[in-house]
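Chemist: So you can see what is in the structure, the chains are spelled out below.
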Amino acid sequence: MSTKNKIGVVIGAVLILVWCLLPVAWIISLSFKSQDAITNGSPGFLPADGGGAGWQNYADVLADEQFRRAILNSIGISLIATALSVIIATLAAYAIARLEFTGKKFVLTLALVIAMFPVVSLVGPLFDMWRTFGIYDTWPGLIIPYMSFTLPLAIWTLSAFFREIPWEMEQAAQVDGATSWQAFRKVIVPLAAPGVFTAAILTFFFAWNDFVFGISLTSTENARPIPAALSFFVGADPFNRPASLLAAGAVVSTIPIIVIVLLFQRKIVAGLTSGAVKG
Amino acid sequence: MSAAAAPASDRSRAENRLGLRLVAPAIFLMLLVTAFPMLRALYLSLFNYSLTAPDDREFIGLGNYVTALTDSLFWRDTAVTVLIMVVTVAFELVIGFVFAMVMHRVIFARGIIRTSILIPYGIITVVSGFAWQFAFSNNNGFVNGWLPFIGDDFNWFGQFGSGIVAIMVSEIWKTTPFMSLLLLAGLAQVSEDMLEAAKVDGATWWQRLWKVILPNMRSAIMVAVLFRALDAYRIFDNIFVMTAGAQGTESVSFLTYRQVIEQFQLGIGSALSVLLFLSVLLIAFLIVKIFRVDLAAARQEG
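Residue numbers (this note's numbering), protein chains in the order written: chain A, 1 to 279; chain B, 1 to 302.
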């Protein structure tokens with residue numbers, strides 16, 4: 001590579017970092033500003049002298065009962081939806097990658113159509129149906145829609161992964177004297193596990209990010225997830241949104257995502273691209 | 001002959017059965033939450049039906065569709081949504097491609113760059129909406145201070161033009177990384193040999209980009225544009241948080257949400273839901289068609 005190109009790449013890399021991290025740095029900075037400074041207008045990027053609040057905003061947010069409930073709801077609902085959706089998608093993806101059966105195309109097409117579905121189209125009928133079934137404003141009332149919407153993503157990602165697995169190894173193990181169950185468990189499961197794990201992370205992101213179902217299918221803190229809770233969070237003075245408190249809440253709700261990204265960066269990239277491009 | 005064929009077909013029948021059993025739960029769930037409610041929306045859309053007065057439910061045929069399609073609000077919101085979709089996808093495609101080129105070539109700090117690019121993707125849309133709303137705020141944001149040609153007290157959310165820009169900035173920020181990852185995967189499939197050959201033949205960087213790289217990435221670009229366009233057409237979270245539809249920044253999704261959840265107008269709301277779904281299908285169809293036309297044109301040129 002010529003020097004000119006090298007300089008271009010370095011500038012590009014710096015631009016990417018600024019692009020991705022600037023708003024994050026900004027919301028963190030905002031979360032450390034005092035509420036007084038914000039109400040009186042504090043337009044700088046960093047807290048002005050004397051305008052800092054230390055950890056006070058975080059303490060206030062974590063002391064807020066509704067906020068704590070919302071975090072708990074989000075964690076519970078997202079984890080359950082992820083687990084169930086990945087189990088069901090694994091069965092389907094295994095069948096798609098491994099077996100010949102009628103309707104295989106139908107499953108993949110159905111998944112694709114659902115992935116394109118405008119979520120808002122469904123909230124009306126679901127609102128009506130869930131109230132009839134008595135699961136409006138409950139955990140299952142959110143878990144079921146999350147599952148069906150994360151299933152397409154998980155099915156596509158997993159079937160792309162499963163297609164790459166050398167299935168003959170299973171037979172080879174059987175020839176070497178393993179039972180078919182042993183062959184499956186000792187050979188296929190370890191090969192499939194990373195794919196399943198990746199699908200789980202992407203599914204979790206989706207559930208954690210959902211907003212439309214979160215505000216439409218809940219009415220109290222019984223099941224309201226964190227994005228919905230943040231958007232309804234008005235604080236003590238309904239005419240003046242407590243920006244710094246909200247920022248602290250936003251940072252808290254982002255921490256799980258950052259941790260997952262830091263730990264599993266490689267897997268997430270592989271999953272995102274294999275599901276979408278190779279599919 | 002027939003004796004030999006019988007076990008084989010038994011086996012394939014068994015395989016068929018097992019396959020269907022394994023996909024059944026997934027199909028059931030997906031249909032339960034999409035096809036069934038959609039059919040119900042189709043049915044409800046034929047009624048004048050408000051949850052606040054459920055007893056007055058009355059069959060009015062296509063009346064709701066006529067109401068929606070003759071209302072200027074519906075068309076204004078559709079225009080806003082299309083505008084957002086076209087502008088954001090265009091910006092994302094260009095910026096995402098630049099990012100993908102950089103990531104493809106970068107040798108140092110690969111891990112850091114890939115990790116940071118996933119942060120906007122992972123962050124809750126509502127949170128990014130808030131971050132940008134506060135950034136553009138004339139009371140406590142930094143944007144006015146950083147832009148020299150804009151007064152410190154400029155209210156971005158005071159009129160349509162700047163409000164929609166702020167919404168699009170937050171949307172572009174959040175989803176460009178996803179676009180660039182898809183394009184990066186496409187870039188990885190372009191053969192280095194072909195690029196090298198073009199270079200030897202004296203093709204300039206620009207020529208290599210247009211004649212070798214882009215044509216070979218067509219399917220990756222199509223998938224990225226399709227996914228992002230459909231996603232952008234559903235835009236809701238950002239608008240809800242940033243302007244709540246004020247100054248005419250309302251999208252079709254937002255209009256539908258308002259009718260159904262805020263005003264309990266299930267009849268007209270369902271009609272809007274059906275129209276929203278049909279527009280998404282239309283867009284998907286158009287994108288697939290357009291890229292096919294391109295494909296044929298490229299072949300004729302070649």
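Just to be clear, a hint being listed does not mean it is correct.
Heads up, simulated DSBU-like pairs for lysine-lysine below, C-alpha to C-alpha not over 35 Å straight-line [stated by the list, open to error]:
no.	chain 1	residue 1	chain 2	residue 2
1	B	Lys199	B	Lys289
2	B	Lys289	A	Lys267
3	A	Lys4	A	Lys104
4	A	Lys6	A	Lys267
5	B	Lys199	A	Lys104
6	B	Lys289	B	Lys211
7	A	Lys4	B	Lys199
8	B	Lys289	A	Lys105
9	A	Lys6	B	Lys211
10	A	Lys105	A	Lys4
11	A	Lys267	B	Lys211
12	A	Lys4	B	Lys211
13	A	Lys105	A	Lys6
14	A	Lys6	B	Lys199
Output of the computed footprint for chain A on chain B, the stretches with three or more beta carbons under 8 Å from beta carbons of chain A [said to hold, decoys possible]:
no.	region
15	98–104
16	268–279
Keep in mind that the hints were calculated from the coordinates and are not lab data. If you're wondering where the values come from, they're calculated on a predicted model, not measured in any experiment. Backbone N, C-alpha and C define an ideal beta-carbon position, used for all residues, glycine too.
Chemist: The structure should be examined with respect to each hint, and the outcome stated for every one.
Modeler: Hints versus structure:
Proximity of lysine 199 of chain B to lysine 289 of chain B is assessed by CA-CA distance (about 33 Å); at most 35 Å being required, the pair is judged to hold. Under the criterion of a C-alpha separation no larger than 35 Å, the hint pairing lysine 289 of chain B with lysine 267 of chain A is consistent with the structure, at around 33 Å. Restraint check: the Cα-Cα separation between lysine 4 of chain A and lysine 104 of chain A comes to about 51 Å, which exceeds 35 Å; the hinted pair is violated. Under the criterion of a C-alpha separation no larger than 35 Å, the hint pairing lysine 6 of chain A with lysine 267 of chain A is consistent with the structure, at around 28 Å.
For the given pair, lysine 199 of chain B sits about 44 Å from lysine 104 of chain A by alpha-carbon distance, which is inconsistent with the 35 Å threshold. Proximity of lysine 289 of chain B to lysine 211 of chain B is assessed by CA-CA distance (about 22 Å); at most 35 Å being required, the pair is judged to hold. The straight-line distance between the Cα atoms of lysine 4 of chain A and lysine 199 of chain B is roughly 17 Å, inside the 35 Å bound, and the hint therefore holds. Using a Cα cut-off of 35 Å, the hinted pair lysine 289 of chain B and lysine 105 of chain A holds, with the two alpha carbons roughly 21 Å apart.
Simply put, lysine 6 of chain A and lysine 211 of chain B have alpha-carbon atoms about 23 Å apart, close enough for the 35 Å limit, and the pair holds. The hinted pair formed by lysine 105 of chain A and lysine 4 of chain A fails the criterion: a straight-line CA distance of about 49 Å is larger than 35 Å. The hinted pair formed by lysine 267 of chain A and lysine 211 of chain B meets the criterion: a straight-line CA distance of about 32 Å does not exceed 35 Å. With a CA separation close to 23 Å, the supplied pair lysine 4 of chain A and lysine 211 of chain B stays within the 35 Å bound.
At roughly 46 Å between alpha-carbon atoms, lysine 105 of chain A and lysine 6 of chain A are farther apart than 35 Å, so this suggested pair is violated. At most 35 Å may separate the alpha-carbon atoms for a hinted pair to count; lysine 6 of chain A and lysine 199 of chain B meet this at roughly 18 Å. Using a Cβ-Cβ cut-off of 8 Å, 5 residues of the region 98–104 of chain B lie near chain A, which meets the minimum of three, so the contact claim holds. With 6 residues having a beta carbon nearer than 8 Å to a beta carbon of chain A, the region 268–279 of chain B meets the requirement of three or more and the stated coverage holds.
Figure legend: structure checked against the earlier numbered hints; hints not met, in rising order: 3, 5, 10 and 13.
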